[in-house]
Structures are given as structure tokens and as C-alpha cells.
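Student: The residues making up each chain are set out below.
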Amino acid sequence: MKAILTVIGKDNVGIIAGVSSKLAELDVNILDVTQTIMNGYFTMMMILDLSGATDSFGEIKKTLTDKGTELGVQIKIQREEIFTSMHSL
Amino acid sequence: METSQILETIRMIEEEKLDIRTITMGISLLDCIDGDGKKAREKIYNKITRQAEHLVKTGEAIENEFGIPIIHKRISVTPIALVAGASQDENYASFAQTLDKAAKTTGVNFVGGFSALVQKGYSVGDRRLIQSIPEALATTELVCSSVNVGSTRSGINMDAVKQMGQIVKQTAERTADQQGLGCAKLVIFANAVEDNPFMAGAFHGVGEEDCVINVGVSGPGVVKRALEKVKGQPFDVVAETIKKIAFKITRMGQLVGHEASTRLGVPFGIVDLSLAPTPAVGDSVAHILEEMGLESVGTHGTTAALALLNDAVKKGGVMACSHVGGLSGAFIPVSEDAGMIHAVERGALNLEKLEAMTAVCSVGLDMIAIPGDTPAETISAMIADEAAIGVINNKTTAVRVIPAPGKAVGETVEFGGLLGHAPIMNVNRKSSADFIARGGRIPAPIHSFKN
Chain A
1 MKAILTVIGK DNVGIIAGVS SKLAELDVNI LDVTQTIMNG YFTMMMILDL
51 SGATDSFGEI KKTLTDKGTE LGVQIKIQRE EIFTSMHSL
Chain B
1 METSQILETI RMIEEEKLDI RTITMGISLL DCIDGDGKKA REKIYNKITR
51 QAEHLVKTGE AIENEFGIPI IHKRISVTPI ALVAGASQDE NYASFAQTLD
101 KAAKTTGVNF VGGFSALVQK GYSVGDRRLI QSIPEALATT ELVCSSVNVG
151 STRSGINMDA VKQMGQIVKQ TAERTADQQG LGCAKLVIFA NAVEDNPFMA
201 GAFHGVGEED CVINVGVSGP GVVKRALEKV KGQPFDVVAE TIKKIAFKIT
251 RMGQLVGHEA STRLGVPFGI VDLSLAPTPA VGDSVAHILE EMGLESVGTH
301 GTTAALALLN DAVKKGGVMA CSHVGGLSGA FIPVSEDAGM IHAVERGALN
351 LEKLEAMTAV CSVGLDMIAI PGDTPAETIS AMIADEAAIG VINNKTTAVR
401 VIPAPGKAVG ETVEFGGLLG HAPIMNVNRK SSADFIARGG RIPAPIHSFK
451 N
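Each protein sequence line maps, in turn, to chains A and B.
So the first sequence is residues 1 to 89, counted in UniProt numbering.
So the second sequence is residues 1 to 451, counted in UniProt numbering.
FYI, nobody ran anything at the bench for these hints, they're computed from the structure.
Do not rely on the hints blindly, as some may be mistaken.
[Unchecked claim] Calculated lysine-lysine pairs in the DSS-like style (CA-CA distance at most 25 Å, straight line):
1) B:K353 with B:K244
2) A:K62 with B:K57
3) B:K57 with B:K47
4) B:K57 with A:K61
5) B:K353 with A:K76
6) A:K76 with A:K2
7) B:K57 with A:K2
8) B:K450 with B:K353
9) B:K353 with B:K314
10) B:K57 with B:K101
11) B:K315 with B:K430
12) A:K22 with A:K76
Can you build the whole structure from these sequences, using the hints too?
Tutor: Shown next, in the form of C-alpha cells:
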């Protein structure tokens, strides 16, 4: 299963490191990353492959949300289809 | 996948309140018919709780994984008049109580289908069901009721129109302690559709499969925001913008419906691509019309604006999903739409203009509070007017009015939640009693010589 991770918040040291090390712990593979500063906000998007992960989607979501709180950013994870179905035929 | 597209989707959900309004499971109860009412109710309870056992859980899982809110999970059933008709019971309120119990067991928000189809005439079951409506709605919480009193093919059953005025009044009186809330769960239709996932008018038509998943999408806020970007531009641009955004909204409905149907092992019926407002800020159909350049919804030009909106929503949505159905278009309930409420409060929107708007919106006079002392005949006459608009123009129309007990123009009723609050609207005080007393049937319209 592929998912899109979005991280939005105030820029700080160690956001990418924090997020990606947590993903590694969860056995989630990162397929693509884009990151920019948009209107002064740190904005990162990752395409993830969850097929190797043992935790359920709900558990992964909870772990990442908690990590986001710790890093002071908002982390969302949603299945890829919600974006592809809206923007492509 | 482009970053801007990902952010657009997230913004639509978070800021513009794009949501899946409902996943509605339609369940046929035709195989629950029994000569013994008690046995029939047992079968109904068992079938609903079996079929919909995982509905709420599945809806929540989809919501969680895709990150799109699914506001309601609902059930619609075969019109109970057809199911209960075989039993010897005189009062069908107990059937409504069974539906209520089944709804609570499965955890859904509403169950629709305490319904009768009497567009041409009454069967014994229809008569008993309609008489049971006030008690049924007063003794249940989650049951919704609807009665179809007219169709383009068969005309308008004026006996039913007359009776429904009285039933609306009785329902209000039976639920007077909740300001007539029972009436918010009662819709009187012309040209009712069989696959509507929206309440209070949902029922599972006899032409449908045994069990089916229908989805209703919403998102007036998304349309409003898109129109903000084309301020002052010609209507060609407005229509194109609405079509594009309706396409995107409907794609969400298709995805969620497909996913729910696969997980539940139930066929996927239709997506109803309706713009259904809620009282929340930024979730108003009225504000879309105002964004087109009207100072207030209700002023001259409102009908044209609504016609464009309703049509563009359908056009944008049809290509986005495999089957479109239900009511598809723009709803214009008063109490559920912050912009409509505001327009009534500042005297810009009246019942007559709302009636004109129903000729081009997706349904009809919806969630309108009227004075508690409005005569039953006047309510019947409103139903007749709406039915006439629907029957002649080949569209679904409906009436859901609340004659709020003890309340007069200038006061407000508060229903809470998605039902919102409603200022009491002025009703024409001239009598329609002799007109309604006639009864009988208004013949079906001719389908040629259209003008």
C-alpha cells in the first residue's frame, strides 16, 4: 500500500531526521521526497511504501501524529488513492 | 503526483470542509414480509443488523486511512408500507421502533424508509403507515419517514396531499417538547427517487438490489472558494469552474463508495453528487450564490444563479463516477445553511422565492420553520404547489416544513447538530381550505406541446 505523508509546520532543526528515522523504525520505505519552505512554513511531502510495515495503518498514523507533536509540526498520512483519484483519470 | 495537487486536496478537506456526507446502505426488506407482524419485525431486525453489522466500522476505517471525513453512516430500507402491508397490524409505529432499535444496534446515524408511495392511490398498508407517522416519529430517534404523493407519470394524489398536511401538524404536536423536531424527519415527495442516500427522504426502492452501497458527497465550501478566484468573470467561466470542482468532489465519492462496497462485499450503487450545506461556517450553498454577485440570496437573480449551479454540479459530476443517482444537485435547506438563515433574518428571503428556487434546485422546500398555528390545509397547499412544480417539470420536489408549536414569525427554533436553527418564516394567511377539501387526483401532465 502506498501512502502520502505531509509534514507542515514551523521550520526547525531535525524535522526530516526525526520523521525519516521514525519511518525506518516502522519499516516504512520512502519512495520520494519533496521539501520546501512555503509562505514561511516548512512543507514536506513523502510518498511511502507501507508493504514492509508490520503495524496497521491506524497504528502507523498514531505513531507519526505523536512524532509530529514532539517535533512541533503537523504530520498527516493518507492513502495515495485519495490524491490520484481526485487529480487523474 | 504534484505537490500543489496534494496540498489542494488537503486544503479542500481541512479548510473548505469537503466531506463524504454519508455512506448509506440500502437494504431490501421484501424477504421479511410476514403475515404475523411480530415475526416480520423480528426478520427486519435480524436482516438489518446482519447486513449493516460492519457498516460503521468500515466507514470509520476508510475515514482514517484516506483522511476524508465521512460524516454519517446510514441505512435505507424498502418502504415499510410494502413490508408491513401483509400483516394484520393496524398501527405500524412498532415497525418504526424496530428500525430504531436496529439502527442503534448497528451504530448508524439514521435509518430511512418508514415510507409509503401513494402517487396514484392508497393500499391498505399505505393508509396504515401514514396514520402511524406521528406516533412513529415521536417514539423513535433515528427513523426518517417519507411519502410520495405525486409523479410525472401519474399526477398528484390530492387525497394524500390533504392528509399529509394533517400528518405534518400532528407530528409537530406529538414532538412539541422538541419544537416539532419530528417534522424534520418527515419528507413529502413528488417524483421520489429510489436510490437517494440523503435523509430524511432515503428509502430503498423495489427496483434495487438486495443490498447496495450509495454515497452522498458534499462540499459547498469548496465551490465557494473556487468561485472566489474568478470574481467578475462571465458565467461561462463560472460554469466551467463549478464543473471542474464538482468533478473533483465526485471523484472522492466514487473512491469511498468503491472502497466501502469492496470491503463490505456489497454492490456499489450510485454517487449522489449533492451540495449539501451544514450550519457550519464555510459550508453554505447560499454563500455560493452570493459569490456569483448577489448581495443576498433571495434577491432577484437567485433563481438563475441556482439553476446554473445545480446544472454545473451535475455536469461536472457525471463523468467522475460510474453511476450517478439520488438527488444530485444543490440542496437549499434553510435551517441547515448559515447563509439561508442570515438571508431570512434580514428579510431578503421569503417562502415565495424559495418556492421559485425549488423549480431549479435538486429537491424542494426544505427545513423551513413556519408558525405553529399554520392550518393543516395551508401546509397541504404548499405540498400541492411543490408537487405541481415537480410533476410538470419532471423533477423531484419535496416539502419538509416544521410548524413549530407555539412559535410565531420573529422567533427561532433550535434543532442542533446538522439540522441547525431556523427563523420562523411568514406564511400567506389567506385560506386554501376549500381547494384542499376537494381531494381526488390532479391528472398526469401531457408530455407534448411543451412551453
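Student: Hints first: check each against the structure and report whether it holds.
Tutor: We went through each hint and held it up to the structure:
| no. | hint | result |
| --- | --- | --- |
| 1 | B:K353 with B:K244 | violated (29 Å) |
| 2 | A:K62 with B:K57 | holds (18 Å) |
| 3 | B:K57 with B:K47 | holds (18 Å) |
| 4 | B:K57 with A:K61 | holds (17 Å) |
| 5 | B:K353 with A:K76 | violated (44 Å) |
| 6 | A:K76 with A:K2 | holds (14 Å) |
| 7 | B:K57 with A:K2 | holds (22 Å) |
| 8 | B:K450 with B:K353 | holds (24 Å) |
| 9 | B:K353 with B:K314 | holds (23 Å) |
| 10 | B:K57 with B:K101 | holds (18 Å) |
| 11 | B:K315 with B:K430 | violated (41 Å) |
| 12 | A:K22 with A:K76 | holds (14 Å) |
Hints 1, 5, 11, counting from the list given before, are not met by this structure.
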